[in-house]
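Asker: As a plain string of letters, each chain reads:
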Amino acid sequence: MNEIYTRNPVIVLREEFDDWAVLYNPDNAEAVGANPIGVDIWKRLDGSKSIGEIVGEIKQEYRNVSESVETEIFEFIEKLAKRGLIGISSTL
Amino acid sequence: MRMPRELDIELTAKCNLRCKYCYFFENENLDYIDLTTQEWTRFFDELGSIGVMKVTLAGGEPFFRNDLKELIDSIVKNRMRFAFLSNGGLITDDIAAYIKKTGRCDSVQISLDGSCAEIHDVGRGKGSFAGAIRGLEILKKYGINTPVRYTIHHFNVDDLGNAAKLLLEDLGLKSFSTNSAGYLGNCRKNADEIMLTHADRIKAMNILVDLNQKYNGRITAAAGPLAEAKYFAKMQRAFDENAPAFAKGGHLMACGCYNNKLSIHCDGGISPCTMLPNINLGFINKDKIIDIWQNSAELNQLRQREKIELAGIEFCNNCDFTDYCTGNCPGLAYNLTQKVNHPSPDACYRNFLQQSSAL
Ligand code: SF4
Ligand code: SF4
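Line by line, the protein sequences are chains H and G. Counting from 1, one number per residue, gives the positions in the first sequence under the working numbering. Counting from 1, one number per residue, gives the positions in the second sequence under the working numbering.
Some hints here could point you the wrong way.
Below are the EDC-like pairs computed for lysine to aspartate or glutamate, each with C-alpha atoms no more than 20 Å apart in a straight line [said to hold, decoys possible]:
no.	chain 1	residue 1	chain 2	residue 2
1	H	Lys43	H	Glu75
2	G	Lys101	H	Glu30
3	G	Lys77	G	Asp121
4	H	Lys43	H	Glu70
5	G	Lys141	G	Asp93
6	G	Lys230	G	Asp93
7	H	Lys59	H	Glu16
8	G	Lys286	G	Asp34
9	G	Lys339	G	Glu298
10	G	Lys77	G	Glu39
11	G	Lys77	H	Glu30
12	G	Lys234	G	Asp267
13	G	Lys261	G	Asp287
14	G	Lys261	H	Glu15
15	H	Lys43	H	Glu78
16	G	Lys100	H	Glu72
17	G	Lys77	H	Glu3
18	G	Lys203	G	Glu193
19	G	Lys288	H	Glu15
20	G	Lys261	G	Glu306
21	G	Lys288	G	Asp121
22	G	Lys288	H	Glu16
23	G	Lys261	H	Glu30
24	G	Lys189	G	Asp121
25	G	Lys14	G	Asp34
26	G	Lys101	H	Asp27
27	G	Lys100	H	Glu15
28	G	Lys261	H	Glu16
29	G	Lys214	G	Asp170
30	H	Lys79	H	Glu30
31	G	Lys69	G	Asp94
32	G	Lys14	G	Asp67
33	H	Lys82	H	Glu72
34	G	Lys69	H	Asp27
35	H	Lys82	H	Glu70
36	G	Lys288	G	Asp67
Read the hints as simulated data drawn from the structure, not as lab findings. Computed from a predicted model, the values in this text were never measured in an experiment.
Next comes chain H alone, as it looks inside the complex (with noise of 0.2 Å):
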């Protein structure tokens, strides 16, 4: 919830479809689909606000999200992670 998460610089954001997106990463070719929600939460981690302050302004903005958006981005996040699509840069 504190850490502060960073993109990795050299992963592209290709907006696909009906702000559908593929995260590219060229170095070995892996591509991560994204949706709407997805973008957004990849917009937002810049190195500033915290996965709990990004979870909150989600909340926030789409007011109708499902009771699970909460473990879904979690999820999401572990994914983007775990493949190296960003790195924790701070921890609150």
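For this one, chain H is given, so just place chain G with the ligands on it according to the hints.
Answerer: The following block gives chain G with the ligands in isolation, referenced to the frame of chain H:
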């Protein structure tokens, strides 16, 4: 898709060879000039800014450029991967090491059209076999992926077995791909001499099907005799079984490459495909790729091509196979008929059957 995924780029109009069946030279739609380093790097910056994932660098011969390292640096800086299409002859240890170090190179495809100089050099000129093998060995030394493309023509059909042995057994490649000399560019001048006759084509199909069995499918093809042998058999089976139409059948579908990528010619001209330089969509650094991709009337019209029914085209009148046919490559269709919205007569199954029965 909001922007193209990939671009095919003819980086130079220069080549160390003059192959008899080269699709690139002798094309009246191209200006054979080279753009400067700055013109290319400016363009790569634009590609990077819109999220293009990969560029395939061809020519001419891309290794002819003496600013290649600078161009590669620009591609890497702009977060793209890259691949090359090459004849192999100008590849050095120095450039191979440089490419390897980037970690961004998918492959360097080498053209090899025979198992020995006597066969390969017939189509590509003296010394070209030695160059291709030297290039392959250098790339192998640096662990760079090197797919090989064998272009089948009148003089190398009978060598297919030896070539498969050289590539798959002696050189230990995982696979190699095949196509055949097509009626494009320089090949049009030498068509009678070099292109496959109908008898050659049937022979190539039979040899390739057998070889592929022997080598467990390690020979591939997106076009040419092997691809046709497979696709024609599938069409015939479907017809015999009165099968429902194929998902892509009945319309001018072809490969649909213009939904994924664009081509840039040596003079900076932008086209939907390398095979369609006659359709000019603009020029790099003058017209924006994203505008062309999203708004070009010509490109959007080409994308509508797949709605055209084969049954409504005069060439396909009363054909039994329309439901299973995709009309094939629009580039070849244009070169043979001067029409883009037309099937390619070269890859037409009905034509193939008619010619076979006339043999
Ligand atoms: S086919 Fe390739 S190697 Fe041969 S002349 Fe054309 S560009 Fe050069
Ligand atoms: S005539 Fe040829 S191109 Fe037309 S549908 Fe039949 S097989 Fe296909």
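Asker: Failing hints, ascending?
Answerer: 3, 6, 7, 12, 16, 17, 21, 27 and 36
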